[in-house]
Every structure is written in structure tokens, then in C-alpha cells.
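Throw the hints in and build the complete structure from the sequences for me.
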Amino acid sequence: MTSPWVSDVLLAAAGAFILYAVVLLYRVVAGPTMQDRVIAVNVVGTNTVVVLALLSVALEETSFLDIALVYALLNFLMSIAISKFTVERGGVI
Amino acid sequence: MAPTPVEAGLLVVILGSALATAVLRDVLGSIIAFSAYSLGVAMLWVVLRAPDVGLTEAAVGAGVMTILLLLTIAKTVRPSEDRVLASFDPKTLVLVAAFVLALGATVPALPAVGSPDAPVVSSEVSQYYLDHAYKDTGVENVVTAVLAAYRGFDTLGEAVVVFTAGVAVVAVLKREVTA
Amino acid sequence: MTAVVDLLLTRYNYVAVVLLLGIGVYMIGASENLVKKVIGMNVFQTGIFLFFMTSAFVTGGHVPIIKEGVERYVSPLPHVLILTAIVVGVSLTAVALALIVRIYAEYGTLQEDVLREIQTDE
Amino acid sequence: MSDARRSPYVESTIIMTTVRVIAPFVMTYGLFVMFHGAKSPGGGFQGGAIVGALVLMLAFAFGADPTREWVNQRVVVGLLVVGVATFVGIGLATMALRGSFLEYAVIAGAKSSKYAIELIELGIGAIVSGVITSLFFLIDAGFDVEADAADAGGETPEETPGEPSSGEVGS
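Protein chains in written order, with my numbering: chain P, 3 to 95; chain D, 4 to 182; chain G, 310 to 431; chain E, 5 to 175.
Hint data in this document are derived by calculation from the structure and do not stem from the laboratory.
Please note that a few of the clues may not be correct.
[Stated by the list, open to error] Ranges between beta-carbon positions, derived for each pair:
1) D:V164 with G:Q420: 25 to 33 Å
2) E:F29 with P:Y22: 21 to 29 Å
3) D:D92 with G:Q428: 56 to 64 Å
4) P:S5 with D:P119: 23 to 31 Å
[Said to hold, decoys possible] Below, in silico cross-link-like pairs of lysine-lysine (BS3-like), each with a Cα-Cα straight-line distance of 27 Å or less:
5) G:K376 with D:K138
6) E:K118 with G:K376
7) G:K346 with E:K43
8) D:K177 with G:K346
9) E:K118 with E:K43
10) E:K43 with E:K115
11) G:K376 with D:K94
12) E:K118 with D:K138
13) D:K138 with E:K115
14) G:K376 with E:K43
15) E:K43 with D:K138
[As the list claims (entries may be wrong)] Pulled a few chain E residues facing chain P out of the computed Cβ check, cut under 10 Å:
16) F29
17) V30
18) Y33
19) F36
20) F39
21) G46
22) I54
23) A65
24) V86
25) T90
26) V92
Beta carbons: idealized from backbone N, C-alpha and C, even for Gly.
Listed below in C-alpha cells is the structure:
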């Protein structure tokens, strides 16, 4: 059982990470090269895993961890796909 | 009920990345912004207590969708990268503004977010599923129970739709026999 | 003015739905590239998903997995509908992308205006 | 990004090793999600999408063509057939037991409906993963006008997207 105090702190941490994601969106829009954008999105993805884990504890729903696990396993796929595409465009995959 | 900071932040992430998707001129940039959008949406599903939908969005958004889009632009060309942002289309914008205003006019009529008196939440149907699912099917996850048992026939039809999509792609990309 | 603030404070998700639908429509209408139109279609779709999921949400509700000692759950029915809709959406996108690949193979372009010119020439 | 800096792409050892390590876990997790639809979030759609993403991941690391040879087209079509057959089979079986379509309660045995539901979820998982895999391979094979012209008048082409299209990896 998470005490309300701990839960509030965790929610605040989740909020801070989401704020960080908002800041990263600037890099997604501005980012001079595609690589900047890819890395920004990859950071948002890692952020997502953390936020989901924090929410899982704060809201006391262990089932949310399953989703965090999916992102942890699959998130790199997206970034690598786009990175490969920028290395040799058209010739990926 | 005012939005919690987490909800408000997530909505900002989602709307911001959706806007980024729209304004980036390069298709690849648009796809990257779309994957950020998908990440935000998955977090929002979790906040709205829908882990099943979040799981689907996670698997689909992180892997399948981005790669299908990338494959398509790998097969086709991309516009040159002379400008970062897409040109503005004032005519469409006027149309969209009218559309948004028309839809926005309906928003005050909707129930407040999270209100227990909202029609969907307080409806008999929802309550019936929640009360009877475990007794009827022995499955704790009500979403699964509704999906496979109460609305099993719908799900069969839905599987048919997915299958049809596969057939349609075969039909579109098939080499035709012209002889 | 207070009405707008009140709307943002109580129906924030629905406001986001309307904006997302607007962005989706704008992308479908204004983008020159067909792939971007498909992405716009997906944004539009997600807006509708958000509408359904918000309608299912109730403050203090728990995940619809039956547990001892939990009184209030969110409504499971919209979750089911959207779950299937997401998968159907992926299939739909795949068909659209296949059509795009085919169009490119036939006409050599994905720009809407060029395609229109080619079609009037024929 | 400029064309001058483009060099022939070689398979990355890092990606191949990572995928080789991660793939079994993703597969296990996908099956876990499919089997555990009853107690935790999950089910056929989610598990199927994860397994489908696994195939995409493999195609990424090792190139699409080797993966296409490895994941046999017959296996994918077989998955689809097995999935649909499971679903319809259970529905018809309940009808044969004088229930209505998909009325699990008529199946004898404790918790029969739970197991029937999980079996159906597996069927859905097979359909979804099969469709996602085949969509990927089909779009990847693309549509080649020249090859189409060359094939014209030839024998009926096999409906496998097996032909390598231009611009594949390995050049």
C-alpha cells in the first residue's frame, strides 16, 4: 500500500518527466538534422517507460508495468528503424 | 474536476506533437513526430485507466506503425529538405476553423471528465458487464470477457476485417497477369 | 471568458479531442504528400479514440479487472471498442500505404497536385 | 544526409547482437500477454501485435529477405488459417452442443468458459500476428513496374512477395 504522501511525490515526479517530454518536443520540431529528432523521440520513449513505472506505483495498478515492459523491449526498434533510414535512405530494412 | 498536472502535461505533449506532425514539411520528420505522439497517447491511456488499450497502442505505435510508414517512404521519394516547416494553407485553415468551431459548440453539452453521472459510466450496460463478467465467464479482466464472450461475434467480424485488409493489400500490390 | 476557462477545467479532454480532430482534418486537407495525409488520418482516428476513452473514465475508478474490495471501475465497454478499432486502424493504414506504393509505381509521384495534373492529362 | 556522404550500408553488429538477445524475451512476453488475457491486461490483439513487432525487429537486424526466407510464407498463412479455424471451430462446437454461437457455458468442465476464452484469444493472436507479418512483407516487396512488365504473359505468378525489390539491403 503506497501512502498518500509517497504517491503524491511519485505523481509529481511523473509530472516532471512529462514536462521534460514537452521540452523535448522543441527539439523534435526544431532539431536541425533528422538525427536530433530521432534522439529526442528516443528520449521521450525512455521517459515513457519511467513515467509508466512511476504511475504504476503511484496509482497502485501493477498492470501498468506490463505496458512499461513493452516499451522497454520495443522502443529501441523505432529509433533504430529511423536511424537506419537516415544512414542509407531507401535502402533500409 | 480540474485536470491533474499529469493529465494537463500529457494533453500538452499530445497536442504539441500532433501540431509538430502537421507543420513539419519533411515526411520523415512528420513520422518521427507521429511516434512521439503515439508515446504520449499511450501514457494518456494509462492515466485514463485503460491498460488494455495502452498495451495495444504500445505494441502498435512503437513497432508496427512507424515501420510501415518508413517502408512506404523508403519505396517512394521524399520532398527535398529546403524548408523545415510546411507552407501554410489558409483556405484549408478556414475550413478547419469552421469544423473546430462546430465541434467545439458541442463540448459544453458533454459531461465533465470523470463525472460519475456520465451516461457511459452510469449506464446499465457497463454495470451489467462489471457485475456479471466474473460469474458468467470466470475471467477477471472484464475487457477480455466482453471482447471474447459477450461480444464474441463482433470480435469474429473484426478479425475478418483484419484478414480482409491483408487480402486487400495482396490485391493492390499483386503483379497483374496481363496476358 | 469564464465559460471557456470552466470548459478547459472540466472538459479538457473533450477540448483536446476537438483540437486533435481539427489537426487531423487540416493534415488531410492541406498536406501535399499522400503519406502525410495518411498520418493525418491516424491523428484524426486517435482523436476519436480519446473521445471514447474519456467517456469511459470516472474519477477514482479502477482498471476494469475485477478485484476484491474495489468498488468503482471505469467502464470496460469503450475499451473493448477502441481495442478493436486500433487494430482495424492499423490494417486500414496498411491498405492505404499499399495503395500509395502502387500509386507511386504507376505515376512516379506522391504530390497531390502533380497527380491531379497527370489525371487531367489522361 | 547529403548523398555525397552515403556509404554502402553494412549490417550493424550492435543491432544484430541486441536483437539476438532480446528476441526470445519479446517472443515469450508476447505469448505471455496472449495467455494472460484473463487475469491481467492483455489478450490476442496485444500479444499478436507484440509478436508481429518481433518479426519486424528480426527483419530489421538481419535484412528483410533472409527473414522472409526464414519465416516461411506457408507458416504465416498457416497461422491465419489456424487462428480463424480456432475461433470458428469453438463457435461451431458450442452450437453442436446445443448452445448458441460462442456460448461457452455449454462446454462441460470447471472453468470451461475461461479456457475457451483463452483459446479464442490465442486464435486472435495468431490472426493478428500473421496479418501484421504479411502486411510488412507485402509492403516491403512493393510493386515493381518493370518486373511487372517482364512478368506479363508469363506463367501465373506465385502469390508470395518473395521477389527482392530494388533497393534492398546487402548491396
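Hints, verified against the model:
In this structure, V164 of chain D and Q420 of chain G meet the distance hint of 25 to 33 Å, their C-beta atoms being roughly 31 Å apart. Here the CB-CB span from F29 of chain E to Y22 of chain P is close to 28 Å, well matched to the stated 21 to 29 Å. The supplied range of 56 to 64 Å is broken by D92 of chain D and Q428 of chain G, whose beta-carbon atoms lie about 21 Å from each other. For the pair S5 of chain P and P119 of chain D, the supplied restraint of 23 to 31 Å holds, since their beta-carbon distance comes to about 26 Å.
Taken as a hint, the K376 of chain G and K138 of chain D pair is honoured in the structure, with Cα atoms around 13 Å apart against an allowance of 27 Å. Of the supplied pair hints, the one linking K118 of chain E and K376 of chain G holds, its CA atoms being roughly 17 Å apart against a limit of 27 Å. Proximity of K346 of chain G to K43 of chain E is assessed by CA-CA distance (about 39 Å); at most 27 Å being required, the pair is judged violated. Note on K177 of chain D and K346 of chain G: the hinted pairing holds, with a Cα-Cα distance of about 24 Å set against a maximum of 27 Å.
Of the supplied pair hints, the one linking K118 of chain E and K43 of chain E holds, its CA atoms being roughly 10 Å apart against a limit of 27 Å. Under the criterion of a C-alpha separation no larger than 27 Å, the hint pairing K43 of chain E with K115 of chain E is consistent with the structure, at around 13 Å. Distance check on the hinted pair: K376 of chain G and K94 of chain D sit about 53 Å apart at the alpha-carbon level, beyond 27 Å; violated. Between K118 of chain E and K138 of chain D, the direct Cα distance comes to roughly 11 Å. Compliance with the 27 Å bound is thereby established for this hinted pair.
Between K138 of chain D and K115 of chain E, the direct Cα distance comes to roughly 10 Å. Compliance with the 27 Å bound is thereby established for this hinted pair. Only pairs whose Cα atoms come within 27 Å are accepted, and K376 of chain G paired with K43 of chain E is accepted, the gap being roughly 10 Å. At most 27 Å may separate the alpha-carbon atoms for a hinted pair to count; K43 of chain E and K138 of chain D meet this at roughly 14 Å. Of the supplied interface hints, the one on F29 of chain E holds, with its beta-carbon coming within about 7 Å of a beta-carbon of chain P, less than 10 Å.
A hinted interface residue such as V30 of chain E counts as satisfied when its beta carbon comes closer than 10 Å to some beta carbon of chain P; here the least separation is about 5 Å, so the hint holds. Interface hint status for Y33 of chain E: upheld, as the beta-carbon distance to the closest one in chain P is roughly 6 Å, under 10 Å. Given the 10 Å rule on beta carbons, the hint for F36 of chain E holds: about 9 Å separates it from the nearest Cβ of chain P. Interface hint status for F39 of chain E: violated, as the beta-carbon distance to the closest one in chain P is roughly 13 Å, over 10 Å.
Hint status for G46 of chain E relative to chain P: holds, with the closest Cβ pair at about 7 Å, below 10 Å. For I54 of chain E, the interface hint holds, since its Cβ comes within 10 Å of a Cβ in chain P; the closest pair sits about 6 Å apart. This hint holds: A65 of chain E has a C-beta 9 Å from the nearest C-beta of chain P, less than the 10 Å allowed. Taking 10 Å as the C-beta contact cut-off toward chain P, the hint placing V86 of chain E at the interface is violated, the least distance being around 24 Å.
At a threshold of 10 Å, the smallest CB-CB gap from T90 of chain E to chain P is about 24 Å, leaving the interface hint violated. The restraint placing V92 of chain E at the interface with chain P is violated, with a minimum CB-CB distance near 29 Å, outside the 10 Å limit.
Of the numbered hints listed earlier, those contradicted by the structure are 3, 7, 11, 20, 24, 25, 26.
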